[in-house]
Amino acid sequence: MSDATMDRTFAEPAEADAFSGIPPGKLGMWWFLASEIMIFGGLIACFILFRAAHGGWRAESADVHWRIGAFNTLVLLTSSLTMVLAWEAVKTNRPERVGRFLGLTVVLGLTFLGVKGYEYSREFGAGFTPFSGLFWAFYFTMTGLHALHVFAGIVVNSILWTRAARGRLEGIQHRIEYAGLYWHFVDVVWIFLFPLIYLS
Amino acid sequence: MSQAAVISHAAYAEHAEALGFWRKYVFSTDHKTIGKQYLGISLFMAIAGGFTAYAIRWQLAWPAAGIPGLGAITPHAYNSLVTMHGSIMVFWVAMPMLLGAFGNFCIPLMLGADDMAFPRLNMLSVWIFFTSALVLLASFVAPGGAAASGWTAYTPLSDTWTSAVWGQTMWLFAVALEFASFLIGGINFLTTAFTRRCAGMTLWRMPLLVWDEIAASVLFLLSVGPLVAGAVMLLMDRLLGTGFYDPSKGGDPLLWEHLFWFFGHPEVYVVALPGFGIMLEIMPVFARKPIFGYRTIIYSTIVAVGLSLIVWAHHMFVSGMDPRLATPFSVTTILISVPFAIIVFAMIATLWGGSLIFDTPMLFVIGGLASFIVGGVTGIFLGSAASDIYLHGTYFVVAHFHYTLFPVTFFGGYAGIYYWYPKMFGRMMDERLGKLHFWLTFVFFQATFIPLFLAGIGGTPRRVFMPSAYPSFASLQPLQVMATVATIGLIASQIPLVVNFFSSMFRGALAGRNPWRANTLEWTVDSPPPHGNFPDPPVARRWPYDYSVPGAASDWLPQVAETNPPAGIKVQRAS
Amino acid sequence: MLMSWLPQNVSTFGTDIDSTLRLIIFIVGPWFILAEGLILYFAIRYRKRPGKPAVHVRGETFRQAAWVLIPGVIVMLLDFSIDNASGRAWDEAKIESPAPALNVQVTAERFAWIFTYPGHTGAFDGKGTYWSMGKLYVPVNQVVRLNMRSMDVIHSFAVPNLRMRQDIVPGRTITAWFEATRPGNYGIQCTELCGFDHYKMQGTLVVLSADDFAKWRQKHWPSAPAIAINSDAEGANK
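First to last, the protein sequences are chains D, R and E.
Per my numbering, the very first residue in the first sequence carries number 1; after that it's consecutive.
Per my numbering, the very first residue in the second sequence carries number 201; after that it's consecutive.
Per my numbering, the very first residue in the third sequence carries number 776; after that it's consecutive.
Think of the hints as simulated: they come from the structure by calculation, not from any bench.
Bear in mind that the values here come from a model prediction, so they are computed numbers and not experimental data.
Virtual Cβ for every residue (Gly too), placed ideally from N, Cα, C.
Incorrect hints may appear among the rest.
What the hints assert, rightly or not - In silico lysine-lysine, DSS-like type, Cα no more than 27 Å apart, as pairs:
1. E/Lys990 / E/Lys910
2. D/Lys116 / R/Lys449
3. E/Lys823 / R/Lys635
Unchecked claim - To give an idea of the interface, some chain D residues facing chain R are shown, with a C-beta separation under 8 Å as derived from the structure:
4. Pro24
5. Gly41
6. Pro95
7. Gly133
Bound-form chain D, shown alone (with noise of 0.2 Å):
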């Protein structure tokens, strides 16, 4: 080993790197979406490949209700501008428009939600449950994994929302902005989800 070698590994200064800046709570969530982003990847990889190996479903697939899932995209893209406005109200400090925001957020999401529910109820009466086929069964595991997803996601907002109302922020600017990371990595997954059932 030469001496040069040496003296550079020998009490070198303290460098920074590339995570010392981020937050914990925010280096966490990523994380957590990355291994969210596997789940859905895997069950959206196997649908895809089920539906090539039968020919594309294209008859089963003629049956769900794309004017619905439609309104129900336009919902949840609405629902993350106004988490985003939530976000930028809180670096404004601004609680009161952070609690308006985010009650508008949880009632998208619970519009959604019933949205959803209708859809599944209109699916139910006309006999397509998850047990008529294959495409069906996917269908309601995807959709049905997402709704408890976005349920997650309004309970969270709906506490951050109560704690914004009473005029507080203290304590609670972090997690709004990682609250906002999931609600749009749920929106996001919805994105996929809805060309994938409803427009192919």
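Put chains R and E on the given structure of chain D with help from the hints.
Below, chains R and E without anything else, positioned relative to chain D:
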């Protein structure tokens, strides 16, 4: 970071004073307590896993005799035992021991942090894990018995055909909870390693155990997702009657095999890497010599993590998938021997020119390394698609994966226990009992699995209730008897550990801060470390492996040591 | 030494699988002995002795790391030679499928093997089929193709003496082939856990000489279609 750390540390220590018994020892957010809880649960589950091993082996050696302590068992119960043995040992012993116990205990201490990034999530993870263990153990007494379709739970046997209707569903729930627990734990490890390092602790000064723990966590995070999706589908099949894996409803049983092994193979490395990490951490201390090729080992680990995501179909060469896929997967599989060979060579090179002290931890490290090499080279036989046609599904496979997983889990885990016990409990373990434990374990381990290699080469299939029922393998039955006798010896060899573990808590010599004269940060604080770990935030001024530095006053320079040896000293050559 | 534990090989592609096994033993054997030998030697040679401090070698410079990297590269090159031999043996056993002299349908059902011989038309469900429970009769030195299906769960058709193994997945028909080179009785096992009586799922491969097979056929399977055994002559020419 330092300012915030001081504040949070003071608050933390104050907080710790006020904690009652329950918050201090049971519902604790302290990473050290949580690490010990994982260790306790894994050792308890190892007893359950060991008992299933004993029952399986007895049945295989003397099928007519009835198992002492259990009585005669049905073929279905035998399948349950096999399934539960594999599941328990991988998910409820190896993972909590290597990730849960040593990851939780060591990562914050080694990085100079007061705790994990998310202490309450950490507590959540251990309690989810505890619940999963209870669900799994409860499935033993479920109507229809415990799950009986193998730890791989191949569909459609695990789907609609199994008679363990309750057991299989409980197994799925238990595994799902276990995944959730280790996902939370893995996110915690990663976030801690990237955000809670003390001043001076750059990535390239992190101890190898931390590197291996986070590599394992990344790998777990990336590989488990598709299987979670697959488990949801299997649960839907079982509970709602969908047909994801049922060919009569358009499903495909091979889908499960792909999803399972996409996780199942990386899972081996999720367990193996922390096991290696422990060995790599202990070896330099007892060789009084730096680890050889620190960065080479880290790069090899990263390459192994990447490769392990594209080898899964080697478990499926003869599964009925397109045979043209076999050769590409065979090539990637055999290629993964390169990074692991380099890590093993680096460990051997660390021994060269050392001043080796054969205390119990070092014995387990060297014994584990020597045994793991057997598992490594026999893996080539199974990675080659052609020879796998013959060896797949035989006892050769059983012997092979025990030779990889046993060394990392038990030799690695035991090395870790003997090494960090003084830090965990403040007292030394007894050396004589420790050495006795090592030699008995080492000898009986070899004696258990070498006969099984031969039985496998002879063609005996695994997972059979009675190998003696096959006329073509009747002549190989003595090998089964030998393996069983050795297994009973192996289990009995653990008695010195149990005695040592508990008696040393009260009668062991007081350890002091640094009984092994080791460099990493955990040895700079009291044993056991107080709540909040470091009275003052430490500063890492060098890498962790400065042993026998020429010109230094002692043969070890802790990571916090500021002194530099005089410049211009040439490294002494081993003669 | 290890090879002597293998059961006798009685198939054509089995020879190449055995030589792959032998090649791997020859390649990994020396490395295994070297690695274990070095561990033992270093453990004794470098044990702690008074007045002999350890050397401070980090292995961080390229010259030092070469001590582990060069063996790593050699391992990689040897890996490719294994890949090469293994790939060829695999292709022979699993991808190239010679024209069969005899087609047999294998039905795996918990916990039995059913072998169906084709009827007049060569189909397995028409008139004149013959089925056998647990015993597969084949002529020696003839290519036999198996059309395998499962009625319930995944099974695996394994004949150690043939160095043959193939999983049978419900919902698809999987074909496999072999050519036995020696008359005799050989065990067939199911090697994929298929339920409680998995261990009872066994069968026998009965390899008959050309004459014996002709006699067996006359007695049990007189309806053998011309197209099924049309190649006695072809087989004899091989």
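Practice item. With chain R as the partner, please determine if D/Pro95 meets the hint condition of a C-beta pair closer than 8 Å. Key: Status violated, d = 25 Å.
Review point. Do the numbers back the hint for D/Pro24, that is, is its least Cβ distance to chain R under 8 Å?
Key: holds (4 Å)
Exercise for review: Quickly compare the C-alpha distance for D/Lys116 and R/Lys449 to 27 Å and report which way the hint goes.
Suggested key: Holds: D/Lys116 and R/Lys449 sit about 26 Å apart, inside 27 Å.
Practice item. With a cut-off of 27 Å on the C-alpha distance, tell me whether E/Lys990 and E/Lys910 pass. Key: holds (16 Å)
Check your understanding: Does the nearest C-beta of chain R fall within a distance shorter than 8 Å of the C-beta of D/Gly41?
Key -> Given a least distance of 6 Å, the restraint on D/Gly41 holds.
Exercise for review: May I ask you to test the interface hint for D/Gly133 with respect to chain R, counting a Cβ-Cβ separation under 8 Å as satisfied?
Suggested key: Given a least distance of 6 Å, the restraint on D/Gly133 holds.
Practice item. With a cut-off of 27 Å on the C-alpha distance, tell me whether E/Lys823 and R/Lys635 pass. Key: Given that 27 Å is the threshold and the Cα spacing comes to 17 Å, the pair holds.
Against the hints set out earlier in the document, a violation occurs for number 6 only.
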